[in-house]
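Enquirer: Here is what each chain is made of, one letter per residue.
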Amino acid sequence: MPRTAKEEKTHNSISDTKKGVKTNSTKEDSVKIITKKDNTPEKAVAKKTTSSKNTSTSKKSTNKKSTTKKSSTVTAKKSVKKSTSKTSKSKMNSSVLEYYDLPYRYDQTMVKILAQTPTTLFVYWDIADKDRSNFIEKYGNDFFNKTKPVLLIHNKTRHYYFEVEINDFANSWYLRMQEPDCEYDIELGRRNIENPSQYIYISSSNKLVSPNDHILFDETDFTNIKFKNIKTGSISYKDFGSIRLMTNIGNLYNKKHKVYSFYNNLYKDEVLDNNKMFSNPSSGNPTSNVF
Amino acid sequence: MTTNEKGYVCFILHAHLPFVHHPESEDYLEEQWLFEAISETYIPLLKNFKKLEDEKVNFRLTMSITPPLLSMLDNKLLQKRYIKYLNQHIELSKKEIIRNKGNDNICKLAKYYLDRYSNDLHIFKDIYNCNIIQGFKHFQDIGLLEIITCGATHGYFPILYLNEKTIRAQIAVGVQTYEKYFGKKPRGIWLPECGYIPEVDKYLNEFQIQYIITETHGILYANPTPVYGTFAPIVSPNGIIAFGRDIESSRQVWSSINGYPGDPNYREFYRDIGYDAPYDYIKPYIAHNGARVNTQIKYYRITGKTENKDYYNPQWAMDSVEKQAGHFFDCRQAQINYLYSQMDGHKPIIVCPYDAELFGHWWYEGPDWLYILFKKIYYDDCDYRLITPSEYIDLYPDIQECTPCRSSWGANGYSEVWLNPLNDYAHRHYHTAGDRMVELANLFPNEPKTSIKRKALNQCARELLLAQSSDWNFIITNQTMVDYAHKRIKEHIGRFTKLYYQIKNNDIDKNYLDDIMKKDKIFPDIDYMIYS
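Here the protein sequences come in this chain order: A and B.
Heads up, the first sequence is in this note's numbering, so the first residue is 93 and it goes up one at a time.
Heads up, the second sequence is in this note's numbering, so the first residue is 7 and it goes up one at a time.
Looking at chain A on its own, in the form it has when it is part of the complex (with noise of 0.2 Å):
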């Protein structure tokens, strides 16, 4: 379910607490838990329109479809959750009682990119109260209503554009692309339901590169290899076009150049377990999956 207008809204701060516990039992609640509660509702909002999903700037109409939509109701979930049941009060020997929540937003207008795999872009967001009012006072009341909130994917390595739709109700989101081993930007904007060519610019992200998932084995000369003494600085170029490691390497490859089949094809007699191939080997007992 979606998160509601009201806790969009809601600004969760530290909670501020000194009293003392002086003695084992139990204090007064002395807990102050300073909660500035924004009760205006976003209004609009509620359902996206189907219309207009073409735009000046998107080059992919079809990426819509490869969107990973999150669940927004994580954060909201995770900052009510009791801490842990060993705490014991009892014991407790420390003069100050504290009680924490996550602030669930810092009202700050910004846009994050992170790379959780090669291809799946994690993005996270947010609209200051401040600039919110600047946009209402500049488009009018109805601003928030009248546009969605859009993602612009800017893929530098490969030249292209193209815009992914979110909703108010989230502030993240997981991207999948269609390759590794490039860079982005993100932009923050919002467009005009019913005037799709109208897009107000919010705010940028920072730049990702996102990781490499196979061997370039193509993309590599091996009759001129860069080697660098670290002790000397000296510089030397070597033909290994001939070296038997990598013809032998480059007979086994098959065209997916991933790691299982060259170690597969390496070590053809032993039995692989691909799914423990890249799982940290120690964060966990061998002997079960259980940590």
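What the hints contain is simulated information worked out from the structure, not anything from laboratory work.
There may be inaccurate statements among the hints.
Pairs of lysine-lysine residues, derived as DSBU-like cross-links and limited to a Cα-Cα distance of at most 30 Å, are as follows [claimed, not checked]:
hint, chain 1, residue 1, chain 2, residue 2
1, A, K330, B, K143
2, B, K171, A, K222
3, B, K143, A, K323
4, B, K190, B, K131
5, A, K323, B, K191
6, B, K86, B, K143
7, B, K208, A, K318
8, B, K516, B, K191
Label pairs and their calculated CB-CB ranges [said to hold, decoys possible]:
hint, chain 1, residue 1, chain 2, residue 2, range
9, A, H251, B, G149, 19 to 27 Å
10, A, T249, B, K524, 47 to 55 Å
11, B, G245, A, T315, 23 to 31 Å
12, B, K524, A, I327, 39 to 47 Å
13, B, L449, A, T315, 52 to 60 Å
14, A, Q200, B, P427, 18 to 26 Å
15, A, E229, B, E422, 36 to 44 Å
16, B, E59, A, Q200, 53 to 61 Å
17, B, M523, A, T249, 45 to 53 Å
18, B, A293, A, Y252, 55 to 63 Å
From chain A, some residues computed to sit far from chain B (all C-beta separations above 10 Å) [stated by the list, open to error]:
hint, residue
19, A207
20, D234
21, H251
22, V256
23, N284
24, S289
25, Y293
26, I294
27, L308
Using N, Cα and C, we set each Cβ at its ideal position, and we do this for glycine too.
With chain A fixed as given, assemble chain B onto it according to the hints.
Expert: Chain B in isolation, oriented as in the chain A frame:
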């Protein structure tokens, strides 16, 4: 041993636990992570190193010992609590001998635990004066062990780097902590979770760190393609040398199907008297809230895929250790000979990195396996020897230049473990707190040494670093001690944010500051100006 080797094996053990320190309560089970690791991993490793030293076995091992772990090992309160832990285990083992009179198998094992925990107490108190760091330092000083550092609190760089000053601070504090305990600069770093991004190179250079360890594809997917695969290091255009994990050898140790730790003779982790013994009897030794938990006193061996477990027999377990050390030894011999023949005279290095806690804690016999293996490599006939990364690069400074691939050693090789719908709520907090820390350092530079503002600013830096531990996100993904992990993120971000406002409003609550300084007592010499 060989004098004319065809290749090298490089063992790297990554010793890490998140900083868990609760002076306010003794009820946190999470504190036992440290105690169990000391008794099952760190002391057994030290004991085996000592045996090798005494037997004049010239072995080589590399270990990263992370700053939070060093801080905990050096913490007086935790040292005291570890002694209490040992005394409780000694008491319980004695009771076990009485309770199990009539069952020779168990009685023998109870005596074995009594001996083992009594010996731990002796080693900890009498030999190391409650601080085992000096044990590891000794083996580094005599040239058998190479210790490297890690990020200050094991922060995962591919997520934190949106504010590069925060990864610079992770490295800076990692290096400072290392120097404090080991009296020199580290030559290598274990990037937390092997999380590599090229943006980190310049900061590694700044702190004169020469090498890193990456997951296999950190090397294989590098640009251009490394001609020797993971069997030689590569050097980044910025001069950082990267060693990649060898898949074959780590799979042998690790694989859940035919990996060594699953041997039927080895101790079964999941049969523990914490669960098996009568409730009223075991109650004083389990969780304070009465929940049954592991006591680490275990009487059974893995036996097989059955619920009916046989009694553990330490001698049989040692037989398996011998057999498996021999297997590993032979496999490396074959692997190195094959690779050497394919590499036109270049000598391959097989890099075998593992979590240190795998050895002993999860795989109870792991430290003994290392001991036997190292002895074999030294005395038996083979074409390779053990080496550290530093020794290797000193011997072979000509290294192919490639940019390592952005990667980690987490499931699927990238950032999914630390960034997924279960834990992605946390990242905006890490980033904002990081930005705010930089803002504070720039707003209030060089506060006088004794001022309360400086104290508060330094504590802000500690809270930020503690919030950034990759462990919290890892635990949430693994769904184990989830509540504790959420609590820690909330607490450190909460404390940071509260102090941030107090500093900016010039309204620092001294009692509050003193209280959280006691709780989050890590990095006493930190200087918040690392964020400026």
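Enquirer: Hints first: check each against the structure and report whether it holds.
Expert: For each hint, the structure was consulted:
1. For a cut-off of 30 Å, the pair hint linking A:K330 to B:K143 is broken: about 41 Å separates their Cα positions.
2. Of the pairs offered as hints, the one joining B:K171 and A:K222 holds, with about 28 Å between alpha carbons and a cut-off of 30 Å not exceeded.
3. Pair hint B:K143 plus A:K323 holds up; C-alpha atoms about 27 Å apart against a cutoff of 30 Å.
4. About 26 Å separates the Cα atoms of B:K190 and B:K131, which keeps this hinted pair within 30 Å; it holds.
5. For the suggested pair A:K323 and B:K191, the alpha carbons sit about 18 Å apart, so the restraint of at most 30 Å is met.
6. This hinted pair checks out: B:K86 and B:K143 have alpha carbons roughly 22 Å apart, not beyond 30 Å.
7. Between the alpha carbons of B:K208 and A:K318 the distance comes to roughly 21 Å, so the proposed pair stays at or under 30 Å and holds.
8. A C-alpha spacing of about 36 Å is found between B:K516 and B:K191, which places the hinted pair above 30 Å, so the restraint is violated.
9. A C-beta distance of roughly 54 Å is found between A:H251 and B:G149, which places it outside the suggested range of 19 to 27 Å.
10. Remark: the range hint 47 to 55 Å for A:T249 to B:K524 is upheld by a beta-carbon distance near 50 Å.
11. Between B:G245 and A:T315 the Cβ separation comes to about 25 Å, which falls inside the hinted range of 23 to 31 Å.
12. Roughly 54 Å separates the CB atoms of B:K524 and A:I327, a value that falls outside the hinted 39 to 47 Å.
13. Distance hint check for B:L449 and A:T315: the Cβ-Cβ separation is about 56 Å, which falls inside the suggested range of 52 to 60 Å.
14. Remark: the range hint 18 to 26 Å for A:Q200 to B:P427 is upheld by a beta-carbon distance near 23 Å.
15. Checking the proposed 36 to 44 Å range against A:E229 and B:E422 shows it holds: the Cβ atoms sit about 42 Å from each other.
16. Here the CB-CB span from B:E59 to A:Q200 is close to 56 Å, well matched to the stated 53 to 61 Å.
17. For the pair B:M523 and A:T249, the beta carbons lie near 47 Å from each other, so the given range of 45 to 53 Å is met.
18. Checked against the hint of 55 to 63 Å, the pair B:A293 and A:Y252 passes, with Cβ atoms roughly 56 Å apart.
19. Taking the minimum C-beta to C-beta distance to chain B, about 6 Å, the non-interface status of A:A207 is violated against the 10 Å cut.
20. Distance check on A:D234: its Cβ is at least 29 Å (rounded) from any Cβ of chain B, clearing the 10 Å threshold; non-interface status holds.
21. Annotated as non-interface, A:H251 keeps its C-beta farther than 10 Å from every C-beta of chain B; the closest such distance is 20 Å.
22. The claim that A:V256 is not at the interface with chain B holds, since no C-beta of that chain comes within 10 Å of its own (minimum 17 Å).
23. Residue-level check passed: A:N284 sits 28 Å from the nearest beta carbon of chain B, beyond 10 Å.
24. Against the 10 Å criterion, A:S289 stays outside the reach of chain B, whose nearest CB is about 32 Å from its own CB.
25. Every CB of chain B lies more than 10 Å from the CB of A:Y293, the least distance being 21 Å, so the non-interface label holds.
26. Look at A:I294: its CB is around 17 Å from the nearest CB on chain B, clear of 10 Å, so calling it non-interface holds up.
27. Not every C-beta of chain B lies more than 10 Å from that of A:L308, the closest at about 5 Å, which undercuts listing it as non-interface.
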